[in-house]
Amino acid sequence: MRYLPLSDTDRGEMLARIGVKTVDELFADVPKNLLLKEPMDLPRRKGELEVERILSRMSAKNISASSVPFFVGAGAYKHHVPATVDHLIQRSEFLTSYTPYQPEIAQGTLQYLFEFQTQVAALTGMEVANASMYDGSTGTGEAVLMAHRVTKRRKAVLSGGLHPHYADVVRTLSEMSSDNVVTMQPDVAGTEDILAQIDDSVSCVVVQSPDVFGNVRDLKPIAEKAHQHGVLLIAVFTEAVSLGLLASPGSQGADIVVGEGQSIGNALNFGGPYVGLFATQSKFLRQMPGRLCGETVDADGSRGFVLTLSTREQHIRRDKATSNICTNSGLCSLAFTIHMTLLGEAGLSRLARINHANAVKLADQLASVKGVEVLNKTFFNEFTLKLAKPAAEVVERLAEKGVLAGVPVSRLLPGAGLDNLLLVASTEVNTDDDRAALCAALKEVL
Amino acid sequence: MLNRQGRPSSAGETGTTAHPTFTGNKALAQIEPLLFEIGRYDTTGVDLDEPEDFKPRLGGLERKEPIGLPGLSEPETMRHYVRLSQQNYGIDTGLFPLGSCTMKHNARLNERMARLPGFSDVHPLQPVSTVQGALELMNELGRYLVTLTNMTAVALSPKAGAHGELCGMMAIKAAIEAKGEGATRNVVLVPDSAHGTNPATAALIGFKVKPVPAREDGWVHVEDVKERLGPDVAAIMLTNPNTCGLFEPQVAEIAKAIHDAGAYFYCDGANFNAIVGKAKPGDLGVDAMHINLHKTFSTPHGGGGPGSGPVVLSERLAPFAPVPFVRAGKNGFELVEQEADAAERPFGRMTAFHGQMGMYVRALSYMLSHGSDGMKQASEDAVLNANYIRAGLADLMSLPFGNKPCMHEVLFDDAWLKDTGVTTLDVAKAMIDEGYHPMTMYFPLVVHGAMLIEPTESESKASLDLFIAMLRDLAFAAKNGDKERFTGAPYHAPRRRLDETRAARSPVLKWTPPAPVAEAAE
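Going line by line, the protein sequences match chains L and R. Residues 0 to 445 (numbering that gives the first Met the number 0) make up the first sequence, in order. Residues 0 to 521 (numbering that gives the first Met the number 0) make up the second sequence, in order.
It is possible that some hints are incorrect.
To be verified - Okay, the calculated bits of chain R under chain L, using three or more residues with CB under 8 Å as the criterion:
#1 104-112
#2 356-369
#3 436-445
#4 485-498
Said to hold, decoys possible - In silico DSSO-like pairs for lysine-lysine, Cα to Cα no more than 27 Å straight-line:
#5 376/L / 442/L
#6 209/R / 20/L
#7 54/R / 219/L
#8 154/L / 207/R
#9 403/R / 36/L
#10 376/L / 54/R
#11 388/L / 376/L
#12 369/L / 54/R
#13 151/L / 209/R
#14 20/L / 375/R
#15 36/L / 255/R
#16 279/R / 319/L
#17 31/L / 403/R
#18 63/R / 224/L
#19 282/L / 63/R
#20 400/L / 329/R
#21 460/R / 45/L
#22 375/R / 36/L
#23 329/R / 388/L
#24 279/R / 31/L
#25 151/L / 207/R
#26 376/L / 63/R
#27 225/R / 31/L
#28 219/L / 63/R
#29 400/L / 442/L
#30 319/L / 209/R
#31 319/L / 225/R
#32 225/R / 36/L
#33 360/L / 54/R
#34 45/L / 279/R
#35 403/R / 385/L
#36 20/L / 460/R
#37 20/L / 279/R
#38 31/L / 54/R
#39 255/R / 31/L
#40 375/R / 45/L
FYI, nobody ran anything at the bench for these hints, they're computed from the structure. Note that this is a predicted model, so its numbers are computed, not measured. C-beta atoms are modelled at their ideal positions from N, C-alpha and C, and glycine is treated no differently.
Construct all of the structure, not just a fragment, from the sequences and the given hints.
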């Protein structure tokens, strides 16, 4: 087997050195009747070529985003990732290293995490950021738990504009921990009265902007009322590129900012792995979950970086830890930080303007299609359409025509009576031809 | 002679001491400033055209302040990160014997497969009809995992090992609540040797943690478990093979005692690499076990993630598996994304979308490559390699539970360092100077100064021989009083020992612009 260096001669010599006759003597503690005698009921080993054939056949059954006019978003976005990013994250020393527990030989990882934390803090307008979470949804769950620790209250209010998967993750975690959750009705127009939910019993309000329907939310009034009642505002985003153009959640008074960083540097990957961004104010630092990288010096006085404040973490605190998290999303945060470095402030804000301009163009073109209504007054690169027919059906028919049109709201919120709504996203990858193809296909189907 | 230019071709003078360099660099060892010290706010490494006729519809919520993100051109970016990478140690650099982490070879075939456009460039919410191959892959991975473990079902979506633990414990909690015992069964037994994630996970969802003490032989004893069992016990979280590197010989009896008491057996599968193809957790009585695809099935650790932690479930827990999951339907594969669409009783959702697809592809690529024969051989080689190290060091280093066979990792304590003035940490740092990544140190907590060595099946005999010889040399040095070689180490790494106390006392967690320099007086 090509990955196993030991030869049978080696194995024989090693067994002799150990002082046993067969390798099964080393498995003596496994109850005899449970030690497998027969090979498992799975195929035998295969060469590279054969594995490539099998997996390529599976891959070929899928329609990839780059191969068609593509407008699917709702929490994961198709963006162009520069070739440099994928090359660099495949460097052996990044790809095959472990969590930097031995900092003297992990300065590469630690320095980029320090840079990543700085970038995320700047982007979100917050004072501190951690070294990443699994993704935006699990990060949101952790943010709610953190708010409970800070406020010593156990009731979260979730906006009706929060991505339904995110809300499900929070609800699952809260139900299991016997915490209270109030989920507001789906809020297509972005006009819900969340202020009415805020009182002294609430730990946090969780508001997404742009929300899942695409509306840009003004967080300032929510932050103001929340703070009057000792409530934390958790600001969520699922499209990191939007932060290049929109006022940062921090500048609007958010206490915790959490979001999905996939858009920058990371491929769609059918949903994962992605990278959760998590930032807060310094005063809440000790209640923050996840790994943190900090600056220090070595024995010679040279600047260096280490993982720090680990007394919050499970390997030290065990059942008293702030979170059970062990892993972060190292390589995806590397992809994020490399892409962000390539963009810089100038590139990011331009990329955001291109996204917005493309979406505006698309919205205007779609608005002229019969049977299509654009519902949003505000949006960044995604908005909601009201169609003359159920969106799930329309999306299927458009897929047959080679256009991936968007996400039917009914897929995220079945039974909410929103069957004719369609979420449509447009990024820098979309061309005039793509927009024309979508409009033409919709005209045929509606 | 052709050397008419007078270019000297001898080896030069010997014996001169190295002079500090002007740049601080040492040839290939380059010092790399922070991005923020070399980047410029008006520099970008991507070429994008400004959109024409830009009329925002943002409701007046545009950003008005600058962000504070410097950029680099493409060549600068390349150099910055290549230089950073050169300060890192990876599996491809050398032996990485980090116990309980299974740092095995990461085949590049798996990387290539994960980047096939049908896997990397598909959206999780595309119509199901356009991603049948992706669902087929998830289904096939699930079939492999269920077959290898002899369990009933698998929840693929957990994002990492600890997230898988959470998923498994949530399934147990849901099952207990379904039986109407939610209010009374709220204790989880956790052996002292367990990973810190186990008690943290149990506590996170409201269980009380009751420790099971460690015995002198490194095993969990069924009578210690029985003593703590009662109508209040929901589950045991047992790692098997355990973190002392030993297979739990009483595992079947423990499982029976747990089941007889109406509780569930959660197995931490971090050490599955020792027994793939040798024993099936389902046969041992396990109800739920997470599998770290980034350990046993070689998806890259990537400097600390992304991981992937699918959970296999017994028949008793299978109905409670979270959404989403794949099932075969009349017209191909279906994706059950909503609790209401499931025939069973899913406890909820662990994550947005469907989990770590990129890791699923890599893991299946590993499994297809190895096959049933290769996976069994890999486990045997992993165990053989660990025992070979044990045999090579048993006379010089101390084995806390006696010189008996171990599984895929061998645990030493620091008794052999007694009176040398050298600690486990010092040994680890001296190993760095010798060109190795250190073993796991100070874990498990049940022995003093633990050194947990897991070589994996990826090491050749020659590599192990050199590793053993190196540790023997260090052992002799420590015992002969060569303390400085240890306490000052590392001497040759990109950094000397780092001050962790200082980092924690006044945390500096991001770069801040230096204060403007006051005008120098005359």
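Structure-based check of all given hints:
1. 104-112: holds (count 7)
2. 356-369: With 10 residues in contact (Cβ-Cβ under 8 Å with chain L), the coverage given for the region 356-369 of chain R holds.
3. 436-445: Coverage by chain L holds for the region 436-445 of chain R (3 residues, Cβ < 8 Å).
4. 485-498: With 9 residues closer than 8 Å to chain L, the region 485-498 of chain R meets the three-residue bar; holds.
5. 376/L / 442/L: Within the cut-off at roughly 23 Å; holds.
6. 209/R / 20/L: violated, 41 Å
7. 54/R / 219/L: holds, 24 Å
8. 154/L / 207/R: Between residue 154/L and residue 207/R the Cα gap is close to 22 Å, so the pair holds against 27 Å.
9. 403/R / 36/L: The given pair, whose Cα atoms are some 23 Å apart, holds under the 27 Å limit.
10. 376/L / 54/R: holds, 13 Å
11. 388/L / 376/L: holds, 22 Å
12. 369/L / 54/R: holds, 24 Å
13. 151/L / 209/R: holds, 25 Å
14. 20/L / 375/R: holds, 18 Å
15. 36/L / 255/R: holds, 23 Å
16. 279/R / 319/L: Not satisfied, since the Cα-Cα distance of roughly 33 Å exceeds 27 Å.
17. 31/L / 403/R: Given that 27 Å is the threshold and the Cα spacing comes to 18 Å, the pair holds.
18. 63/R / 224/L: holds, 23 Å
19. 282/L / 63/R: holds, 26 Å
20. 400/L / 329/R: holds, 23 Å
21. 460/R / 45/L: This hinted pair holds, its Cα atoms lying about 24 Å apart.
22. 375/R / 36/L: holds, 11 Å
23. 329/R / 388/L: holds, 26 Å
24. 279/R / 31/L: holds, 13 Å
25. 151/L / 207/R: Answer holds: residue 151/L to residue 207/R is near 19 Å, not above 27 Å.
26. 376/L / 63/R: holds, 21 Å
27. 225/R / 31/L: The hint holds at about 23 Å.
28. 219/L / 63/R: holds, 15 Å
29. 400/L / 442/L: holds, 12 Å
30. 319/L / 209/R: Holds: residue 319/L and residue 209/R sit about 13 Å apart, inside 27 Å.
31. 319/L / 225/R: With a Cα-Cα distance of about 26 Å, the restraint between residue 319/L and residue 225/R holds, given a limit of 27 Å.
32. 225/R / 36/L: Since the Cα atoms of residue 225/R and residue 36/L sit roughly 31 Å apart, the hinted pair is violated (cutoff 27 Å).
33. 360/L / 54/R: holds, 10 Å
34. 45/L / 279/R: holds, 23 Å
35. 403/R / 385/L: violated, 70 Å
36. 20/L / 460/R: Holds, because 18 Å separates the two Cα atoms, which is no more than 27 Å.
37. 20/L / 279/R: Holds: residue 20/L and residue 279/R sit about 24 Å apart, inside 27 Å.
38. 31/L / 54/R: violated, 74 Å
39. 255/R / 31/L: Cα-Cα ~17 Å, so holds.
40. 375/R / 45/L: OK: residue 375/R and residue 45/L at ~14 Å, within 27 Å.
Going through the hint list in order, the structure does not satisfy hints 6, 16, 32, 35 and 38.
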